[in-house]
Each structure stands twice: as structure tokens, then as C-alpha cells.
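Asker: Could you slot chain B onto chain A? The hints should help.
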Amino acid sequence: MHRSIQQLKSEGRLCDVVEMIPYAQFLGLECLNDPDLGLLAVLRQRPTNIGNPIAQAVHGGVVGALLEHAAIIELWNRFDMETVPKTVNVSIDYLRPCRNADTFAQAQMIRQGRRVANLRVEAWQSDRDKPVAAAHAHFLLA
Amino acid sequence: MSEPGRALMRLDYADNQVGNPVTGYVHGGVITTLLDTVCSLVAMSASPSVAMVATLDLRIDYLKPAKPGQPLFGQAAVDKETRHVAFIRGEAHHGDEDDPVAHCAATIMITERDDDGASLPQAEGVG
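Sequence order for the protein chains is A and B.
Just so we're aligned, residue 15 is where the first sequence starts under this note's numbering, counting upward by one.
Just so we're aligned, residue 21 is where the second sequence starts under this note's numbering, counting upward by one.
Please note: incorrect hints may appear among the correct ones.
[Claimed, not checked] With beta-carbon atoms standing in for the labels, derived distance ranges:
{"no.": "1", "chain 1": "A", "residue 1": "Gln122", "chain 2": "B", "residue 2": "His104", "range": "29 to 35 Å"}
{"no.": "2", "chain 1": "B", "residue 1": "Pro88", "chain 2": "A", "residue 2": "Asn47", "range": "30 to 36 Å"}
{"no.": "3", "chain 1": "B", "residue 1": "Pro91", "chain 2": "A", "residue 2": "Lys100", "range": "20 to 26 Å"}
To be clear, the hints were calculated from the coordinates, so they are not data collected in a lab.
Here the structure is a predicted model, which is why all the values come from computation and not from measurement.
Beta carbons are placed, not taken as given, at the ideal position from N, Cα and C, and that holds for glycine.
Bound-form chain A, shown alone (with noise of 0.2 Å):
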């Protein structure tokens, strides 16, 4: 995966290393290199990732997979990773309902160690202002 990973890197298709990723292609997680915003994370719309069939929102568990994922892809643009990062924690606030809409995500880093990393991760659907979810987690870089 270390070749793949900085292969794909110089050819500036660092989104394709998603598709490696079996549980990714379960949910329907995406890499969408924006021209403005830059690297983001994307769960497509599938109605199996609803959670609350009430309120037709999508899972918790599923919306942390996103926030994950994004985290994951910044610290592979980042550095040249042989692999895919080890979570330390991770730690969720569920801010509104995820509706049954493509959701975006974007991590942010915010301290970077000689070992450990810590990012911020945000999720939004039509309103970046309005975001769904954010997180902050660790990552091992090592």
C-alpha cells in the first residue's frame, strides 16, 4: 500500500487511495479534490447509512467514520505515510440532524508532534456554516 499510496500521491490522485479502502466503498466515503476548498472528505447519500428511520438521519456511527475519514486523508497529504494512520481517539460532538444528503467533512490540523497528531474535523451538508458534527482527534504518526 506504501507504493500505491505515494504513487498515487505524484500523480496528484491522492483521492484514489480511497478506493483501497473496502469500508469506504461500504458506505459510500469519497475524496473530492475541491478548487477552492481543497481536499474533502464526502459521504455520499445511501439509505443504508440512515440511522433514525423517523427522522431519516444519518447514523452516528456512520458520521464518525466521515469525520475519521477526513482526518485520515489531510494526514496523507500531509506526509508520506506508508499506510493508513493509527487513531489514538477520537471524540464527537453531534451538532444537528445529518439528513439523508450528501455530507462534506474537512480536518484541520491543529498539533502536529514528533509522534502523535491532533486535528479538528468538521462535517456540513448545503451550509458550511451550519456544520452537522466536528470532532478532534489523535492520530499516530510513527
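Answerer: Relative to the frame of chain A, chain B by itself:
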């Protein structure tokens, strides 16, 4: 399997849960989903008048990698329940609760049924 204030769920390993194709480790989101589900279930079971629950926040520590090919168990218990909010603690493990792969703390908002029990509240669910 559940009783008021406690629940245990089992999730069998499947290839579509893999987050690291080299090691076969499940994606962190799989454990997030298992723990959010079992914590929500516990919050629902805490009192007979609960109509709907919504996760406010969920914090997970990944203590060690889950073993590829092995079922995961998610279990949770109510730490404290108030009128509007339940505080839940949970673990994910491979069958030995003293050797968890992850543990979590969830804060879950509770919406209670109307007195007549007839109507469901407006959905404000977040998680």
C-alpha cells in the same frame, strides 16, 4: 441482549468493514458505529417513557487494534440518567470485557413520550 440500563451487541467481522487493507483491521468507523448503537440502545432502555434518543457527543479511545476475523462485542451501561440527558459508558471487545479494544463515554439526549404515550416528538435527533 439487553436489560434496563445495560446492553450487549455482537458484530461479526466482514470484509466490507476493513479500513486497512494491508493488516485487515476494521475501520475506526465500524467501532464508532457499534458503540454509538449500543450506547443509544442503553439510553432507550433506561426508562419506559423514552420516545427518542440523540447522541450529543461520543468520545472513543482506541486501546488496541481489533483482531481481523474475530467478532466484536459492544457493551454499554448507564452511568447516570437525568430527565433530559443520559451519561453512558461502553466498551468494545472480542468476548473478554476485561480486555477491551476500545472504550467510550457517550452523552445522549433523551426525549420522553407524552403522558398519553400517543405521539412521538418532533425529530430533533442529531446522531
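Asker: Hint by hint, note whether the structure agrees.
Answerer: Structure-based check of all given hints:
1. Separated by about 32 Å at the C-beta atoms, A:Gln122 and B:His104 satisfy the suggested range of 29 to 35 Å.
2. The hint said 30 to 36 Å for the Cβ distance between B:Pro88 and A:Asn47, and at roughly 31 Å that hint holds.
3. Under the hint 20 to 26 Å, the C-beta atoms of B:Pro91 and A:Lys100, about 22 Å apart, fit the expected range.
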